[in-house]
Structures are given as C-alpha cells and as structure tokens.
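J.: Okay, here's what each chain looks like letter by letter:
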Amino acid sequence: MSAKLRNKIIEAVAEIGKINVSMSAFERDLTVASEAWLADLSEQIKQGMGTSDARLMQSDLSAIIEVLTKSPPSPDINTIIGNALTLMLEMERTGQEKSPAIRRLLGPSLAQEAQQEEMRLLLLNPGTVSTRIAVFQGLEQVHGFEIHVLPDEEDSVDHRIKAVAAHLERAGIALDSFDGIACQGGFLKPIPSGTYRVVPEMVRDLAEAPLRSHASNMGIPMGMELARMAGSQKDLLLTTTDPFVCDELDLVDRVTGFVRIKRNGVGAHYLNHKAVWRIVASLMNQAPEHVNAVTAHLGGGTSLAAHRQGQVTMLIDAYSGLPSTSRSGAIDIDRVIKAIKSKDISIRDLEQVIESRGGLISLVGTNDFYAMIGFLRQGATPVQRKKIELVQNFLARKVAGGMLRLTADGADVKVMAITGGLAANADMMHRVKQNIAGRYPVVTMPGYFEHEALAAGQIRGYYAPETLKDYETERDALAKKRHDEDVLIDTPVFKREIRFKKKGAPLTTLDDIIDAAYLTVEENYAPTIAIVGAGNEEAIQAAKRANEEGRFRISKFVLLGDFQEISQMAYEYDLVIDNDNYTIIDTETPVEDAISLLEQGKVDILMKGRVHTEDILRGVFKYLKSSGQLQKGQVMSHTAIVDIPTRNKLLAFSDGALNTYPDEQKRMAILENALKVVHNLNIKVPKVAVISAVENVNLSVESSMEAERIAAHFADRDDCIVEGPLSLDVAMDLAIAEEKHYTGRIRGNADVLILPDIDSGNILWKTLTTQSGAALAGVILCGDMPLILTSRGDSIRSKLASLSLAVKFYFDLKKQSRASA
Amino acid sequence: MESTDLDQKLPARLDAFRRLHRHTLDHREQFWAAQAKRLQWQTAFSCVVKEDFSRPMASWFCDGQINAAQNALHRIIETGKGEAPALVFYQKSGHTGTLTFNELKDKVLKLAAAFHRAGLVPGDRIALNLPNCPEFVVSALAAAYLGIPYLPIGCYLPPSLVAEDVIASKAKLVIMANSTAYEEKNDHILKVRALLDDLTLLISDEKLEGISTLEEYMTEADPSGLEPAFPQADHPLFAVYENRLADKHVGSVFPTGGFLVQAHASFDDIFNKALVQAPPKMIVNTLDMCSAPTQAYGLWGALTNGTGIILIDEDIRVNTIEKILDEQPNPALLCRPNLISELREQLGQEQLNTAKRFPVIACCGNALPPRLVKYADGILVNGPERVVNLWVQNKSGTALLNSYPTPELNRPGALGFGALGVEPLIMSDFGEPCKTNISGNLTFARSWPAMPTATTGTTEHFKKTYFSKFPGSFFTYDGVRSDKDGFFWFMGRLDDSIKVKGQSLGSSLIEGVLNAHPLVDEAVIISGQGNSREEIVVFMVPHKTIQEEQKCIDQIKDYIAEKIGRFAVPEKIIITAQLPKTPTGKLFRSVLRRVAAGEATLD
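Sequence lines, in order, name chains E and S. The first sequence maps to residues 354 to 1174 in the working numbering. The second sequence maps to residues 2 to 604 in the working numbering.
Derived from the structure by calculation, the hints contain no laboratory data. None of these values were measured; they are calculated from a predicted model. It is possible that some hints are incorrect.
[To be verified] Lysine to aspartate or glutamate pairs mimicking EDC-like chemistry, simulated, CA-CA at most 20 Å apart:
1) S:Lys582 x E:Asp823
2) E:Lys515 x E:Asp529
3) S:Lys375 x E:Glu918
4) S:Lys436 x E:Asp931
5) E:Lys615 x E:Asp933
6) S:Lys208 x S:Asp223
7) S:Lys485 x E:Asp933
8) E:Lys1029 x E:Asp1069
9) S:Lys436 x E:Glu901
10) S:Lys436 x E:Glu642
11) S:Lys470 x S:Glu550
12) S:Lys436 x E:Glu945
13) S:Lys558 x S:Glu600
14) E:Lys909 x E:Asp1165
15) S:Lys485 x E:Glu945
16) S:Lys582 x E:Glu918
17) E:Lys1019 x E:Asp1112
18) S:Lys485 x E:Glu554
19) S:Lys375 x E:Glu901
20) S:Lys582 x E:Asp927
21) S:Lys582 x E:Glu901
22) E:Lys897 x S:Asp484
23) E:Lys615 x E:Asp839
24) E:Lys1168 x E:Asp839
25) S:Lys582 x E:Glu891
26) S:Lys500 x S:Asp289
27) S:Lys82 x S:Asp53
28) E:Lys985 x E:Glu945
29) S:Lys564 x S:Glu512
30) S:Lys111 x S:Asp206
31) S:Lys485 x S:Glu424
32) S:Lys485 x S:Asp16
33) S:Lys82 x S:Asp64
34) E:Lys1019 x E:Asp927
35) E:Lys909 x S:Asp484
36) E:Lys833 x E:Glu554
37) S:Lys470 x S:Asp486
38) E:Lys822 x E:Glu642
39) S:Lys375 x E:Asp1137
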C-alpha cells in the first residue's frame, strides 16, 4: 500500500516538475515580450496618440489583464498585471477624455448623466497652510485655486470663509450658481465610509470634541456658512465623503496586546484609499466589492488599507503606523520607554516626532523627499549617498512590509496599489516592488485622487440621493457595534491571573498553591470531594468557584445533605447539578454516608459543610482506625498557611483550631503534621520556630522549657531546622533578631510556627487575617488524610486555597505510597 | 410513533415515551380531542381550544356540552361496574362504610333532587365546608349533576373567613360537617350561621338546634324524572379560593369540560396505563379535599376511570394503612410527601404488619426526597419507581409534570416529565430557554385543558401574577432544571408562601401590589420567623433616594393595608439600594432570609 502511494506521489511530483519547467520557460518568454511591448506602448503614450489608437490599445490591455488575473498567479504574471494596469491608467490620464478618474468612480451611466446635465459644485479642502478650492461643472474641473493663509493672519473659519468668498467674487463666480458644495470632512466621530449629507450634528461633533484638531475640521462649518450665504432659496446639497474618521476595521484588527488599548479605523486617507481601490477595480473591469486589495498612500503621512468585500477591515493608520516624510510611525515601545526613562526624550518630543518631526526629516533633515533625491544627484558626498541609499531602502522595506502585513488575513488579494506623492518616484517604486517580489500585482498611481473622490461623491449624491448616508444613524450604529465588541474584548476569562510556575519550585503565595493544585489535577484526574452537610452556602460557593476559577475543573463534588435544601442553594448560586461534576446525595446522616463513600472509594477527600467539626472528626477517626491508616502517636491537627502581603514567602502555623491545650508529646506530633504540609509546598528544609513568650529558656515560662525540649528532639533531623524557644518577633523579623543578638539559624525567616496552645494560635490567626490583610488556607491532617475545613469568615480565595492544598496533598501522598509500595 | 393508540399502555422505555410526548405536543389538538372523546358528551365540541396568552384567555372544547356526574357514575355503571365499590369511608369509630357505584348514584340523585326541590338551578352555587367525608363526594357529584358549581372551603379556616367566602361566592347553600371537623367545634357552625343571616345551612349528621341535617333535607326529594343539566364545557365545575385581598377573593374557577378531560386522562396515564401490573381498583385519598388537585385525583379522575375512593376520617395511622391494604382490592395511595415521613416516624425500624403493598404512591406537591423514596421502597411499595410525583399547584388543577410508576420513567427525587399534551419550558431570568441542567423558571407557553380562570374581579391580578414576568407565558414561581434524559428536577421556590391567619399567602402577591407603588422600584417579600408566628419582611429598593425612611415605611404599610388587608402589613420593611443577586439575575433569597433573621447585614 505505502509503496504504491509512494510511486504515485513520485510520478505526480515529476509531472509537476515537467510542467513547471515548461511553464517557467513560457512565462519567461511572456515576460520578455510583454516588457518590450509595454515599454513600446509607454513610449507611444509619451509621444501622444490618436483616440482610436488609444481605444484599441486599451481594449488590448484590458483583455490581457482579464486573462492574466484568472491564470494561476506567479511573480512574473503579477508583475505584468501590475505594469499593464499602471500603463492603462497612465494612458487614460494623458488621453483626450476629460476627468477619467471621476468617470471611473461614478461608473459609465452616471458619468454620462452628470456630463450632460452639467451640475456645478464647489469643493472645499482646508489644509494646514491653505484652503484648496475647486469648481466642477459636469465632470470637469473648471476652476481651481489654493488660497494661502497668510502668516500674519489669524487662522479661523471666519477668515477662511471670507477669503474664499472674496476669491470667488474676484473670479466672477457667483455663489448661487452652485448646485452643491463638497466639503472635506475632518475628524468627526467614527462612521463607516461613504458619502454623507452634511448635518448640524457634524458641526457639534467637530466643535465639541473632535477626535483630533486638524485644519480639515473647518471644511464642514465653512461649507455650511457658504451655503447660507448663497441664500435660502438656493437649497445647496452639502456632502462630505470618506473622511479620515471612517472606521470599518474587523474585530481581530481592533485587538492590541494590551487589553486596555483598542484600535479603531480612524486616522487614514480614506478618500484616497477608497478612490484608488475603486479605480483599480474599474480598470480590472470588476465590481469593487469583488476586488480584495491593499492600497498604500505615501504622502506627508503614510497610511495603508486592506479592502475586503468593500470594507477597510485592516489598517495601518497615518499616525502610529509607518514612517513618512515627516512622521516617525510606530517605534518599538520598550526602546521608547527606556529613552523616556533615561530622560533622553520627553513625551512632548515624542508627540512632535509622531506628528511632524519624525521620519525623513529626522533621518535626513528634510521632509521633502524630492529634495533628498535631488541632493543625491547633486552635492552629496559618497557617505551621504550611502546614507540616503540606506534611508530609501528603509522606507521601501517598511512600505512593502506594511503592505504584506495587510494580506495576513489570508484573503485572496487581487491587487496592490500605491498612490501619493512618493508613488511618482520610479526608483522608490522599484525598490518597493522588489521587496514585494511579485507576490501580488502592484499598480502605481502617482498623485492624489482626493478632489476627484470628493467631487464624485457629491455628484453621485446629487443624482442618486438615496446613496447618501445619514450621519447620526451610522455614527450611533457604529458606536453601538464598537461598544459590543469592547465588551467582548474586555470579557474576563480567568477570574484571577494564572501564571505558569516551574514544577518543584517552592510555593510562595496562595495563588501558587491553587496553581500547583491545578497542575497536579492535570497530571492525575479531578478527585472527588464530598461536602459533608452541603446545605451550606459557604461550601456550595467554594465548590462552585473551585471549578470556575481555573482552566478546567479541579474536582468533582458530592454534596451530602438534605436534597431540597441543597437543590435550592444550587439554584440560587447557579450550581449546575449534572450528576457528574456535582451530585446530590440525599441523606440525614451526612457524616456516616460520607465515611461509607470513602470506604467504597467513591470519594477521595472530605470537606466540612454544615456539620459539627467534632462529628466529622469523630467519624474520620473511627474510619482511619478501623482501616489501619492511623499509626501510633499520630494526631489530628490543623495547619494554617498564611500569605502575608509584606512577606515574600508563605508562613505556616499550628495549631489554632483543633487541639486545645496539647501536651509535649502531642505538640511534637502536631509539628510532624505541619512539616508534612510544608514539605508539600516544596519547602525542602523548613525552618520551624517553636514559639514562646521569650527567646531564652526561662524557668518561670513553662512554654519556653517545653520549646527547648521539642527543639532538642528534632535536633538531628536533616529535613527540617527546629529551634526553640523563640519569640514571635525574632522568628518573623530579621531586624529584631539582629537587635536582640539572636544567634540561631532562624532569624526572621521562619517557615513554620509551632504555638503553645489554641488561644495563642487562634489569636495569631485572627490578628493576621483581620489586621494585616493576610489570606489564609488551612488543612486538617488526620494521619495522612487531608480534611478540608473552611470557616464562614474565610474569603472565597482562601477557601479555594484550602481546597487546593488538600487536593495537592492528596495526590502527593498517593504518589508517595505508590513509590514506597 | 405514527399513530398513538390512547387506550394502550404507555411505553415503558424512556426514548419511546419521549417520542410519544413529543408527538402529543406536535399534534396537541388531536391528542386532546381524542382524550375528550373517551368521555360522554351530550353535544360534541366544535373546536378543541381557543387560546391567547397575551390577554390571557384559554377556552377548551368550545360548544361541547357535558355532564360531569354522569361521566363519573352512569358511564361507569354502563360498563358493568355498578356493584364495584365507589366510595369507602374509614371512620374514627372503626366502622367502615362502603358505597358501590349504584348506591353512590342513588345517593347523588336523591341529593340532586333535593337541590332541585329547593329551587337550585344551574348558575347557582353551593359551598362545601366539609372535611374528607362521603358527604363531600356526594354533594359535589349532586351539584355537578345539576350544573351547579361548588366551592370547597377548608375546615381549618376560622368561621369569619368561611362566612366571607360564602358571601363572596354568592352561594345559596352551605353544607357543613359535624362539629368534630372544626377547631371551634359547635361554635364554628353557630358562628358561621350567625354571620350568614338566613342562608340555608345544612350539617351532615348531627343534631344542632335550628339547623337541618342533610338527611332531613333529602327526605322528601324524589329523584324520579330528574333531568341532568348539560352545561357548556367552560361552565364552572368548581372554584377554589386561595386568599382574600381587600374585598376581592382571589382564586381559580375550573371549567367542567377541560377539567374533567384532563383529570380523567392524567389519572388514567399515571395509575392505569403506565403500570405493567394490574392497575389499582381503589385510591386512598389523604389529601385535603379543599384543594384543586384533590378534586382531580381524589374525586373526578378516580371515579371517571371507575376507580373507587377511600377516605379516612382521622389522623392517618399505620394500623389504618395496614387495614386498608388488607381489606381493599389493590389500593393506591394519594398523599403529600410528609405523610411518608410521618409513617416512617410511626413505624421506626418496623415493617408493616401485612405483606401487601401499594401498587402506586402518588405524592402531590414537592418531589419526595430520594431518602424517603428509598425508605418507602420495600415498606410501602415494591420498587422505588412505584412512588410517583405529581407536580401540582392550585392554578394547575391537575399535574402538569409527573413521573410514572415504571423504572425508566421515574427517578427518586425528580418531578418527572411534562404531562402528555403539556409542554413545560424552563426560562432564564432573561427570558431565554435554559440548556440541559441549567436551572431556571418553570413556565408554560400554552394552556392546558384544566387551566382555571380567575375569580370575578381578579382577572387583572391573575394576569399580573402569572403572566407579567414572562409575557405570553404562564409563570409558576418554581425553579427547576431538566437533565439530559428530560427529567425535571425541582430546584427552588421563587415565591415564599406565608401563612397568615390560617391562609397561605404567596409573597408574589404582595410583591405585585408593592411594585405598583410609585415609590417602589423593586420589592421582595421574605417570610421571617417571628416570636410566635411567621413574619412578613419586605426588602424594598426605592425609586429614588428616600429622605425620611420612617415616613416612607408608614406610607407603604398603609398602602398594603388598603390594597390587601391589615393582616398582610409587613412587620419589617428594609430599605436598600440594591438587592443581592447572582450574575444570572437570580435573587439570593438565603441571604435575605438571614438578613431578615438579623444574622447578617446587607452591604
């Protein structure tokens, strides 16, 4: 069988190899021929050609493009497609037909209508240093002017309006001769792309809280004022198209690596991106919505857009994206932070670098790309030439990298287009294309299509008003959508952070204990915990949280007690009784039933719910005795583990809950139990302080003498360091230990405290938890069996930690007994 | 499951049963039409159901005319069961009285004739302030024979409430038992009489100055030539009052046709068709006669299926149970869950003094906890599956969820499945259906034949209480879940029931009234344990911040006194900015209960 398959594959591979050889030879021929032909055509274009010739050539070109786009893509073919499209566009631009771009944007039928009806529109495009205006009649621009803002003049909407009105008057153009005004939109609230009817709400949004202050924000107020000046009987159509604040990003692209910062689509040259994409699609004879494309706008700012099914779903915006002639683009954030910290740069500097003092001007010292190129040709030293070469490569790599990044969604990208001032530089384009290496067809479309796009938007709105969008509706719908997405992004997955910890390392926080328990469960299985007397909301809540907290369930629970009572609690606390993770056992004698389940091996660990501690302990004791698990000298004791915020490790103490006034023998057994628990926390040689009121043996303090004897008993053990008597401050505080000249090995760094009796133990317990914000986990050891006991005052986290402690203990013990067997 | 033969046994296998259930839902009208046709109709119904839960309105078997008593007696006698026992009464004296179907029919006709002679006509009402006794059964059947709706009134109610109920129902006749049935003995009867002026009052078998007995009432009645009435299907069969709010008696009125059809079908499904073994010939009714479900399983459902009724006139003792098991032919037991625990207490570790066992025990109300099922198995029944649960409420009339006495269709502690032709839905607090094992609110989006209407003047209240939380669905105030096999499990009650002055009051009732107050945004009632009795504690979220708390509290108290009555005025009103709730919007009632008891604080 496998031999057969192997032969089949070898045959197929060989066949492909053959096909590839002939295919590549064929492609080489095609490339050579088409390159020559395209070069020839381009020469003809330069010399000018007749309309009929141009038509013929155009149809030739589009036929070739159509065939090639359908053939399997290869670098050679992609290159031909890109060049052919570029050439077609060039031909149109130099051809005799007027306003080819607007024609392509409007489509043939609408273009014809508009040309015949000759509507007149005024176009307003306020920039930082000037207001560019244009007058279109039909499809044609009949007037264009750039009104500069004089340096000594105050720059305001009013001044600009006056300047425009004055200019029009000088030029003999009456305001009421217009049918409409197309305004640059500015930084409105985020909206989907398209042409919008201008509404007063826009002015409010621009005035009250523009997303960014920018000269283009003046476009709409200017338009509205000019329309007013034109007179009320002349009801001018006011539109704006694809402003910088379009936002069509898909959800994936909105996420950043830091949950509190989310992206949106705002801040790119949508007018130009959308226009270029539509024009290229039209050149390819396809509906724009069917052409997945990447467009790059390389101007004063650089922005890149990925067009998918008509929407810009991925974006590299003009501010935090790529370097441009005057902007730095994104810089590695840790280097920026380091620089800020070392006071090399300030936040203010960074703002400038991002806005106007980064990119080319920072690297070369000019924000005029062509000045740099000019200097390269004339005046540069060899080293400077090398530097400029480096910068060119840097820019080219960034642009190509950005464009390829926008193909990372795996969509079938048909074409890439580069536009803007830099697109006119053939050398730069050559570098970018080299980096893209024929992966996609690249069309270069030098210059800007913003005015054509604004005009086309207005013309379409004039003849087909149903295409005009309503600002408030779209804005609010988008805000709602974005809000819902934000909720998803902000949805917590884990209730607390779960950090990876290496196995075997000492556990230093309660969270470590919880994580370690999860790890243990993952390696083994989820043990079954019987909650004895489960009609207790504390227990139910702990059980529920235990399985919700982590990545998977930590335990199965058997809830013993009154059926209806438990059901009611489960209902209120949303505990899902599924007879797998949570099972109810209806009983009036939970302790007996729990022990019998333990005997049958149906449960692994017991947890105290609403039963008396003595009852459950008595039951367990009886069980251990009868099953021979309790050895002579072993006692049951409670060991508490506290996580004190100011300490860098856990502290165990015993016994603050169970044994009231243990004698010396019993206290040693308690110490043994505590050692077991602490060893389980991966503390290999724990430091055990036997606490008394004093750190010296004092005949009048009986606990000090007892402590000395206990310490002596453990003196030759190598799995622990036991010292006593110690006062609490010496055991817990290094400074005090030094001040008191304590010479032992435990100097403020005790792992375990053995306390004289339940009073002192409980006082320590309550002092720590109520006064120092310490969290506490506890476990009762009955021989080698852990028993979970939580008290009402415990927080959920501390309950979970207690449970985890028992679970980890249970499995570690099991492993030990397996190993010893 | 292409054809469903309704006279056959129910499938014993879970998957087959679930297919059958689905089928009865998908062809609900055909199913209920077929069930209805098993009874005798004077005039056939023209359409099965007209319903609109947005109003809410439901009317079953429109234009059909039916006589309930004829279906329970004449129809059974025609099948040759005339001499079978229909009613057995175990008296305190140790005496046992038995009536066959024939004898029962004669008694019923005689009483009906007496009613007729006294001028009672269809549309009049009679009130039955009777315990579990033969007179109740005879009176109810006689009334139904003439198309006279009857009103059972609990014997535990004080005389003043009995009189109020009688007046509210406009009953023309009250039948009472002998004095031992009431807490106040003779005084009860006398007080009721005093409150009712010159209304006709009858007592069953005791001499009491100035009050005639049932015997005397019937002496001159002549049943010959007495014509039965054939009321419309939605003519009321009986009504039950649940509580009394400011001049209004809130309760349920059950339609003759729908109630009879569903009681007959449900009884048959549970006691006869699900059982592989011989079905019970008798049923021991230990439920209080004055609730709606008792009318279904302890009276109409049993008789229409030809099953005799056994009544016990005393506290139920183990020896009575033993006696019944020994003396009666295969009797089933109808009881509340606490009867089982009472019997367990009486028995201790002992066994019954007889080898006989009940073929089925049906528990009404909350599901019997598994440990009691385990106990009953072997001692009262053979096999844990023989203890079935009937989920009933006063508003449901018959069981809408129930288990069946076969191993695959019963699980200890479970409520069972939706009754055939009835579809229970579990909704989250946000009105979305709950998935498997997720607990939510039990609701019904469509009506069932026995569904009652509200008593006069309380329609708005009925709508607000049962149809407002989930618009278009009937809300039961029970929290349930359904497991992967389709069993429903009771998880919690969302409506605390509070006992005040002998009647139980749903907290939802007061909540509904409170929520209508302009000062109140949200209100929850918890029944707290007071010094001597239950206390009503109100947790209230005000609409806006309250300046003078005491003034507001007084205002609310006056409002409740006016709208519901003095008795319902809460002992404590706790004003809070927020009620403790789970992420899924459920209320932490246990926390509130602790706060009410002063064991915790709201923070």
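J.: Against this structure, judge whether each hint is valid.
T.: Evaluated hints:
For the suggested pair lysine 582 (chain S) and aspartate 823 (chain E), the alpha carbons sit about 41 Å apart, so the restraint of at most 20 Å is broken. About 16 Å separates the Cα atoms of lysine 515 (chain E) and aspartate 529 (chain E), which keeps this hinted pair within 20 Å; it holds. Distance check on the hinted pair: lysine 375 (chain S) and glutamate 918 (chain E) sit about 18 Å apart at the alpha-carbon level, within 20 Å; holds. Among the hinted pairs, lysine 436 (chain S) with aspartate 931 (chain E) is consistent with the structure: their alpha-carbon atoms are about 12 Å apart, no more than 20 Å.
A threshold of 20 Å between alpha carbons decides the hint, and for lysine 615 (chain E) with aspartate 933 (chain E) the separation of about 40 Å lies outside it, so the pair is violated. Pair hint lysine 208 (chain S) plus aspartate 223 (chain S) does not hold up; C-alpha atoms about 24 Å apart against a cutoff of 20 Å. A hinted pair counts as satisfied when its Cα atoms are at most 20 Å apart, and lysine 485 (chain S) with aspartate 933 (chain E) qualifies at roughly 12 Å. With a C-alpha separation of about 17 Å, the suggested pairing of lysine 1029 (chain E) with aspartate 1069 (chain E) holds against the 20 Å cut-off.
For the given pair, lysine 436 (chain S) sits about 18 Å from glutamate 901 (chain E) by alpha-carbon distance, which is consistent with the 20 Å threshold. Distance hint between lysine 436 (chain S) and glutamate 642 (chain E) is unfulfilled; the C-alpha atoms sit about 40 Å from each other, more than 20 Å. With a C-alpha separation of about 29 Å, the suggested pairing of lysine 470 (chain S) with glutamate 550 (chain S) is violated against the 20 Å cut-off. Only pairs whose Cα atoms come within 20 Å are accepted, and lysine 436 (chain S) paired with glutamate 945 (chain E) is rejected, the gap being roughly 35 Å.
Proposed proximity of lysine 558 (chain S) and glutamate 600 (chain S) is contradicted: the alpha carbons are some 24 Å apart, above 20 Å. A distance of roughly 18 Å separates the Cα atoms of lysine 909 (chain E) and aspartate 1165 (chain E); the hinted pair therefore holds under the 20 Å criterion. A threshold of 20 Å between alpha carbons decides the hint, and for lysine 485 (chain S) with glutamate 945 (chain E) the separation of about 30 Å lies outside it, so the pair is violated. At most 20 Å may separate the alpha-carbon atoms for a hinted pair to count; lysine 582 (chain S) and glutamate 918 (chain E) meet this at roughly 19 Å.
Taken as a hint, the lysine 1019 (chain E) and aspartate 1112 (chain E) pair is honoured in the structure, with Cα atoms around 16 Å apart against an allowance of 20 Å. Taking the CA atoms of lysine 485 (chain S) and glutamate 554 (chain E), the gap is about 55 Å. The hint is violated against a cut of 20 Å. Of the pairs offered as hints, the one joining lysine 375 (chain S) and glutamate 901 (chain E) is violated, with about 33 Å between alpha carbons and a cut-off of 20 Å exceeded. Our distance criterion of 20 Å between C-alpha atoms is met by lysine 582 (chain S) and aspartate 927 (chain E), whose separation comes to about 11 Å.
Annotation: proposed proximity of lysine 582 (chain S) to glutamate 901 (chain E) holds, straight-line Cα distance about 18 Å (limit 20 Å). Simply put, lysine 897 (chain E) and aspartate 484 (chain S) have alpha-carbon atoms about 19 Å apart, close enough for the 20 Å limit, and the pair holds. Proximity of lysine 615 (chain E) to aspartate 839 (chain E) is assessed by CA-CA distance (about 8 Å); at most 20 Å being required, the pair is judged to hold. Only pairs whose Cα atoms come within 20 Å are accepted, and lysine 1168 (chain E) paired with aspartate 839 (chain E) is rejected, the gap being roughly 46 Å.
For the hint pairing lysine 582 (chain S) with glutamate 891 (chain E), the CA-to-CA distance comes to about 16 Å; that is within 20 Å, so the pair holds. About 17 Å separates the Cα atoms of lysine 500 (chain S) and aspartate 289 (chain S), which keeps this hinted pair within 20 Å; it holds. The straight-line distance between the Cα atoms of lysine 82 (chain S) and aspartate 53 (chain S) is roughly 41 Å, outside the 20 Å bound, and the hint therefore fails. Of the pairs offered as hints, the one joining lysine 985 (chain E) and glutamate 945 (chain E) is violated, with about 24 Å between alpha carbons and a cut-off of 20 Å exceeded.
As the CA atoms of lysine 564 (chain S) and glutamate 512 (chain S) are separated by approximately 12 Å, the hinted pair is consistent with the 20 Å bound. Of the supplied pair hints, the one linking lysine 111 (chain S) and aspartate 206 (chain S) holds, its CA atoms being roughly 16 Å apart against a limit of 20 Å. Under the criterion of a C-alpha separation no larger than 20 Å, the hint pairing lysine 485 (chain S) with glutamate 424 (chain S) is consistent with the structure, at around 16 Å. As the CA atoms of lysine 485 (chain S) and aspartate 16 (chain S) are separated by approximately 12 Å, the hinted pair is consistent with the 20 Å bound.
Between lysine 82 (chain S) and aspartate 64 (chain S), the direct Cα distance comes to roughly 30 Å. Violation of the 20 Å bound is thereby established for this hinted pair. Distance restraint check for lysine 1019 (chain E) and aspartate 927 (chain E): the Cα-Cα separation of roughly 44 Å exceeds the 20 Å cut-off, and the hinted pair is therefore not satisfied. Only pairs whose Cα atoms come within 20 Å are accepted, and lysine 909 (chain E) paired with aspartate 484 (chain S) is accepted, the gap being roughly 18 Å. Of the supplied pair hints, the one linking lysine 833 (chain E) and glutamate 554 (chain E) holds, its CA atoms being roughly 18 Å apart against a limit of 20 Å.
Proposed proximity of lysine 470 (chain S) and aspartate 486 (chain S) is contradicted: the alpha carbons are some 28 Å apart, above 20 Å. Only pairs whose Cα atoms come within 20 Å are accepted, and lysine 822 (chain E) paired with glutamate 642 (chain E) is accepted, the gap being roughly 18 Å. Of the supplied pair hints, the one linking lysine 375 (chain S) and aspartate 1137 (chain E) is violated, its CA atoms being roughly 35 Å apart against a limit of 20 Å.
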